[in-house]
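Undergrad: Residue numbers (the numbering used here): 1 to 324.
Source of the hints: derived by calculation from the structure; they are not laboratory data. Computed from a predicted model, the values in this text were never measured in an experiment. Any given hint might turn out to be false.
[Said to hold, decoys possible] Here are the simulated lysine-lysine pairs, DSS-like style, with alpha carbons at most 25 Å apart:
| hint | residue 1 | residue 2 |
| --- | --- | --- |
| 1 | Lys-299 | Lys-92 |
| 2 | Lys-45 | Lys-299 |
| 3 | Lys-92 | Lys-134 |
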Amino acid sequence: MRRFTWLPLLALLLTGCGHAAAPDPHHAQHTARPSASKRTLPAVKGFTLHRLADLTVATDRLSATAMGGDVYIFGGLRAAGSTTAIYRLRGKALSAAGTLPLPLHDLAAAPQGGAILVMGGGQVASSPKIFGYKPADGSLYLDANFPTPLSDLAAATLGQDVYVFGGFTGSVFSQAVYRISLQGSISRVATLPLGLRYTGAAAFQGSIYLFGGLGQAGYQSAIYRFTPGKGVTKVGSLPAAVAAPLVAPAQDGVLVLGGESGVNTDVSSVYLYTPGTGLRRIGSLPNPLGYGALVAMGKDSYDVIGGEDGAQRATGIYSLQLTR
Numbered sequence: 001m002r003r004f005t006w007l008p009l010l011a012l013l014l015t016g017c018g019h020a021a022a023p024d025p026h027h028a029q030h031t032a033r034p035s036a037s038k039r040t041l042p043a044v045k046g047f048t049l050h051r052l053a054d055l056t057v058a059t060d061r062l063s064a065t066a067m068g069g070d071v072y073i074f075g076g077l078r079a080a081g082s083t084t085a086i087y088r089l090r091g092k093a094l095s096a097a098g099t100l101p102l103p104l105h106d107l108a109a110a111p112q113g114g115a116i117l118v119m120g121g122g123q124v125a126s127s128p129k130i131f132g133y134k135p136a137d138g139s140l141y142l143d144a145n146f147p148t149p150l151s152d153l154a155a156a157t158l159g160q161d162v163y164v165f166g167g168f169t170g171s172v173f174s175q176a177v178y179r180i181s182l183q184g185s186i187s188r189v190a191t192l193p194l195g196l197r198y199t200g201a202a203a204f205q206g207s208i209y210l211f212g213g214l215g216q217a218g219y220q221s222a223i224y225r226f227t228p229g230k231g232v233t234k235v236g237s238l239p240a241a242v243a244a245p246l247v248a249p250a251q252d253g254v255l256v257l258g259g260e261s262g263v264n265t266d267v268s269s270v271y272l273y274t275p276g277t278g279l280r281r282i283g284s285l286p287n288p289l290g291y292g293a294l295v296a297m298g299k300d301s302y303d304v305i306g307g308e309d310g311a312q313r314a315t316g317i318y319s320l321q322l323t324r
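With the sequences and hints as input, model every part of the structure.
TA: See below:
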């Protein structure tokens, strides 16, 4: 397996304007954001990238989320197979932070209360298990089980609830939308228009938006909005059908990076989706990227972790800073 590398620049502005390198987002204060009614955000013009760290092994199909200013990275697929690794990224320092009870890739992770739910995934067969991970001491406990095994799923947190979308049961593409309460109960609360794997999910203003994915008929371009109590509605389309895009909430919408457009073929496009306005392209990554993780780190700052460019797995962890 060839090593995947991005351009070795400390800062790269992808819109061609000469801005300075973005500050390290991990040292920024995470403060409450003013409501849109109190101010109008300047439009996003582009973004900068700089390399923070490297994974110990090139890895794709992992999951990651932030808690307490740190990023926690779970599982993934390497040349040698699925891994049990859990890492913590604190600033630019990557360290071991625990071990999954079984090797997993194509899993999902989402914060809930003071823990992180680590859900589904698989090695050969899909897993129904939902583990709770405690960042304070790196411990894991079995929190619950899905009604069916589930890998290739997407998840996002709204309030105290975690919502899970689609996935693969081992035999069918799931159409289920599950709600996991803070008490650990699981209930099916909606149905997707089609069985969907590898969709990207991010919460914004009381709803969760889904981008692309893989259906029985192939790669998908639809953008869906899920709102608790109101179900799933199609609200737009990506310019190209992709699976496994990297998505995360922004101050004024949802950031959407890359995705797989065909077997061993990924894309490099970067978009900002704003409800009511739609999708706007804000640049391109130095290389195509899919099956990685995008983690929001505060005001206009993100971490981009692992993934793949076609058949090449990524080692890099990058800081991405939106420019306005």
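Undergrad: Now tell me, hint by hint, if it's right for this structure.
TA: So, going through the hints one by one against the coordinates:
1. Lys-299 to Lys-92: 18 Å, holds
2. Lys-45 to Lys-299: 15 Å, holds
3. Lys-92 to Lys-134: 21 Å, holds
No hint from the list above goes unmet by this structure.
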